[in-house]
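Enquirer: Got chain A; can you put chain B on it based on the hints?
Sequence lines, in order, name chains A and B. Using the working numbering, the first residue of the first sequence is number 414, and each one after it goes up by one. Using the working numbering, the first residue of the second sequence is number 414, and each one after it goes up by one.
In case anyone wonders, no lab produced these hints; they're calculated from the structure. Take these hints with a grain of salt, some might be off.
Since the list gives no way to pick one copy over another, a pair counts as held whenever it fits inside one copy or between any two copies.
Said to hold, decoys possible - In silico DSS-like cross-links for lysine-lysine, where the CA-CA straight-line distance does not exceed 27 Å:
(1) K485 / K466
(2) K514 / K542
(3) K467 / K544
2 protein chains.
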Amino acid sequence: MSIGKLGNNDALAILREGTLGRLGCIAADWPYVVPVNYYFDGENIYTHTLPGKKLDALRANPRVCLQVDEIKDPYNWRSVIAYGRFEEISDEETEVNVLTKLHSRLPHMTPVESRLIKGMTRTIVFRIKVKEVTGMAEGW
Amino acid sequence: MSIGKLGNNDALAILREGTLGRLGCIAADWPYVVPVNYYFDGENIYTHTLPGKKLDALRANPRVCLQVDEIKDPYNWRSVIAYGRFEEISDEETEVNVLTKLHSRLPHMTPVESRLIKGMTRTIVFRIKVKEVTGMAEGW
Numbered sequence: 414m415s416i417g418k419l420g421n422n423d424a425l426a427i428l429r430e431g432t433l434g435r436l437g438c439i440a441a442d443w444p445y446v447v448p449v450n451y452y453f454d455g456e457n458i459y460t461h462t463l464p465g466k467k468l469d470a471l472r473a474n475p476r477v478c479l480q481v482d483e484i485k486d487p488y489n490w491r492s493v494i495a496y497g498r499f500e501e502i503s504d505e506e507t508e509v510n511v512l513t514k515l516h517s518r519l520p521h522m523t524p525v526e527s528r529l530i531k532g533m534t535r536t537i538v539f540r541i542k543v544k545e546v547t548g549m550a551e552g553w
Numbered sequence: 414m415s416i417g418k419l420g421n422n423d424a425l426a427i428l429r430e431g432t433l434g435r436l437g438c439i440a441a442d443w444p445y446v447v448p449v450n451y452y453f454d455g456e457n458i459y460t461h462t463l464p465g466k467k468l469d470a471l472r473a474n475p476r477v478c479l480q481v482d483e484i485k486d487p488y489n490w491r492s493v494i495a496y497g498r499f500e501e502i503s504d505e506e507t508e509v510n511v512l513t514k515l516h517s518r519l520p521h522m523t524p525v526e527s528r529l530i531k532g533m534t535r536t537i538v539f540r541i542k543v544k545e546v547t548g549m550a551e552g553w
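Extracted from the complex, chain A is given alone in its bound form:
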């Protein structure tokens, strides 16, 4: 049972390399967790959402975490949590840049398509200004 803390550089590297995380927030005094695609530029986590329970919760309580893990098996895993505050992005140029970067890491989508998606849907883009990152690992 060799569970231990990850160093800050290892934790930041996992956050930077990941594309899929689980976003945790507080909705009406209950924890709420959903999977999200994201990218981390070293200071901020960028992601997007449709209107709904998650967005309502984040607007009401901006305290948010993103959990990202690499799990080989139950005895060999690494997991990090980044904490920060939800900040909605409302200028269209930044929105399209964020969606383009997000989609560039996903298959089957081009920057032009990102712009079309922004135009066609009610996608909301936001950042999490990261204030703390911690991590744990077992085995590995």
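Expert: This is chain B only, laid out in the frame that chain A set:
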């Protein structure tokens, strides 16, 4: 963007079939998320933890959720959240039964080893009495 709600039976089936989830709780007024191995018997989710931030948070605020997903790619996924209350299990027979069931779904461990682990470590076993399950899906 065909995102929609999952029916209750589909959501329960995902919870029953899963072995790995992300546990969300509230720690000092911040969301906190960690990966856990679990099983669901139709009424309760069973899992375990070592002493630390997660256990302290759950004892202070028993409102907890477990998020479980099946993600083929960013456009084809299903995700469920089960909400309930943390209930610590303290009688040794139930503890060993839960650890044996948890480990029977993992590789490389026998019931005898589960009993040894309970004896050797400070593992705490707990259940989440599920009061609500919701789910969303895209594509699939």
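Enquirer: All hints are to be evaluated individually against the structure, with a verdict given for each.
Expert: Right, here's what the structure says about each hint:
Taking identical chains as interchangeable, the C-alpha atoms of K485 and K466 lie at most 27 Å apart only when they sit on different chains, with a minimum of 23 Å there against 32 Å within one chain. Only within a single protomer do K514 and K542 lie at most 27 Å apart by alpha-carbon distance; the minimum there is 17 Å, versus 41 Å between protomers. Within a single copy, K467 and K544 get their C-alpha atoms as close as 21 Å, and across copies as close as 20 Å, so both meet the 27 Å cut-off.
In terms of the numbered hints stated before, the structure departs from none.
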